[in-house]
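Protein sequence lines, in the order shown, are assigned to chains Z and U.
Just so you know, this note's numbering puts 237 at position 237 of the first sequence, and the rest follows in order with no gaps.
Just so you know, this note's numbering puts 434 at position 126 of the second sequence, and the rest follows in order with no gaps.
Calculated directly from the structure, the hints in this document are not laboratory data.
Note that the coordinates shown come from a computational prediction; the quantities given were computed from them, not determined experimentally.
Note that beta-carbon positions come from the ideal geometry of N, C-alpha and C, so glycine has one too.
Worth double-checking, as some hints may not be accurate.
As the list claims (entries may be wrong) - Restraint-style ranges between C-beta atoms, simulated for each label pair:
(1) Z:Lys14 - U:Ser487: 49 to 57 Å
(2) U:Ile542 - Z:His195: 35 to 43 Å
(3) U:Phe440 - Z:Gly68: 54 to 62 Å
(4) Z:His195 - U:Met309: 22 to 30 Å
(5) Z:Asn74 - U:Ala541: 47 to 55 Å
(6) U:Phe440 - Z:Asn131: 34 to 42 Å
(7) U:Ile485 - Z:Pro169: 38 to 46 Å
(8) Z:Lys292 - U:Asn330: 27 to 35 Å
(9) U:Ile549 - Z:Asn74: 37 to 45 Å
Listed below are the residues making up each chain.
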Amino acid sequence: MSILQVNNLTKIFKTKKDKFVAVDNISFELNEGEILGILGPNGAGKTTTIQMLLGVLTPTSGKINYFGRDFNKNREEVLEKINFSSTYTDFPHNLTIQENLNFFSFFYDIKNRRERVKTVVDLFRLKEILNQQISSLSAGQKTRVNLAKAFLNFPKILLLDEPTASLDPETAQYIRDFLLSQRQKFKVSIILTSHNMAEVEEVCDRVVFIDKGKIIADDTPSGLAKSIELSHVELFIKDGLKRTIELCQGKKIIYKIEGRYIIVDLKEKEIPDFLRQIMDMGVFYDEISIEKPTLNDYFIQVVSKIKK
Amino acid sequence: MKVHRICGVILRYLYLFKHSINRLADAFYWPVIDLLLWGLTISYMKEISGLNVVTVVISGILLWLIVWRGQYEISVNLLEELWNRNLINIFGSPLKFSEWIVSVVLLGLIKAAMSFTFAALVAFFLYKVKIFVYGFYLLPFMLSLFMTGWWVGFLVNGLVFRFGTKVEQFAWSLIYIISPFSGIYYSISILPLWAQKVSTIVPTSYIFEGARQIIFTGKTDLNKLMISFGLNAIYLILSLIFLKKSYAKALDKGLVKML
């Protein structure tokens, strides 16, 4: 069931002399319990989209419907059910974590505020630093406070901008597992932006790829990765590295040399042929690994195409 | 309008008040310094000239405190959210803009009551000026003074929403534009003619003249009171329209751009 519909959303920033189309007529949906990744290079329009979804930026045109209701006309009611965590915001520096969470809890219609604050403090491992001022926290600790604030109101939809940025790998994994468990238990829907492609592959059900304000792809992470046909084949060549290089050059195969290793980019169906050919040439290898294309490869390919 | 959200905003700024030396100084230190400097100067002048205006000047300082406090809470609390990059957290929540406005207005009342009471006690102990004696008669004038503080505060916030922290200086300075025309410590009649004309559209000029009349004669000039309320009401409506339009403009540019 779709709980967010974005239709023909456009944002044009106008100056006296110029105009800039930051988001260009985009439409997408978010289903209940779905985790949707918004990807794109810097300046693609991801943050602008998130800001409009949050109501802190007025769209030039288009419609946003949350839970079947027009966001513009039901702002207060909608924001009661959603929350966000973002890298472009901060908290009052000279207030403690406890004080920040206390006053934010008052912005939402929460029945037992004290109990809820205590719960999110435990969930995000903030108990030991609860009375520290925000100014004394590390970037990772601030991210955890941000997420604790985002979960205060039992949100049905979460907008997360780089939720695990600045976190150590163990805490980042804990947060990812936590997000997945919230989706599982409470059918929380999440829109997430990240530059960590492995993270997006792990948690997102679907990815919308934005460039220059337009959606250029909307698919599952594996679907996007599969659109890249080339796999990386890595071989440790004991004998015949020069011959292998000559073969690659002759067949215009993309390759990379690292010591005695050669990494070649091949379509999946071409791999057996390639291996047979080098064996016929008397090349001897004793290690092989084949890496299928990832979302990261997709991202790099799309971005490099854009730059060209 | 939800009471719990208004309480949330007030709680946020009371926490700040607890932690911030600057805010404590604004509430208690500066009013006392004003009282000391002005009070001692006037006491000295009384000694050399025999002229007793201590009550007038001290009352002026105390009443101006109300205008200033009312405006300051509205303007500086918005800046506080910008300095802390907290604006999106505040306005990306269900909190309505009107609820935030009501919260800072209430906060201004609370803080003004604290500062005014403290300063009035200091004035009593240092100079035997009993401002509370006139309290009941002065109350309507005090309300009108608050209204002046509010519309100047809304005007400053409107400018901040349009131009960001580039105009933050207005939060401390804009209110002082009306002070020479308000007759805080002197009668409007001593102003040059052109300034007297300007003072006719400044609501605080009627308030301070009216307050002096209460102090000297014990009588309330209802006419002055009504004019001050009328002018304040007009400016309040205009400033709210300006603020609402400025906020809409800030939303059009994106609140993130203000950070």
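Status of the hints after comparison with the structure:
1. Z:Lys14 - U:Ser487: 49 to 57 Å: violated (39 Å)
2. U:Ile542 - Z:His195: 35 to 43 Å: With a Cβ separation near 53 Å, U:Ile542 and Z:His195 fall outside 35 to 43 Å, so the hint is violated.
3. U:Phe440 - Z:Gly68: 54 to 62 Å: This hint holds: roughly 58 Å between Cβ atoms.
4. Z:His195 - U:Met309: 22 to 30 Å: Roughly 41 Å apart at Cβ, these two residues miss the hinted range, so it is violated.
5. Z:Asn74 - U:Ala541: 47 to 55 Å: Violated, at about 33 Å.
6. U:Phe440 - Z:Asn131: 34 to 42 Å: holds (40 Å)
7. U:Ile485 - Z:Pro169: 38 to 46 Å: This hint is violated: roughly 57 Å between Cβ atoms.
8. Z:Lys292 - U:Asn330: 27 to 35 Å: Violated, since Z:Lys292 and U:Asn330 (Cβ atoms, about 58 Å apart) do not stay within the stated range.
9. U:Ile549 - Z:Asn74: 37 to 45 Å: violated (25 Å)
When held up to the earlier numbered hints, the structure conflicts with 1, 2, 4, 5, 7, 8, 9 and fits the remainder.
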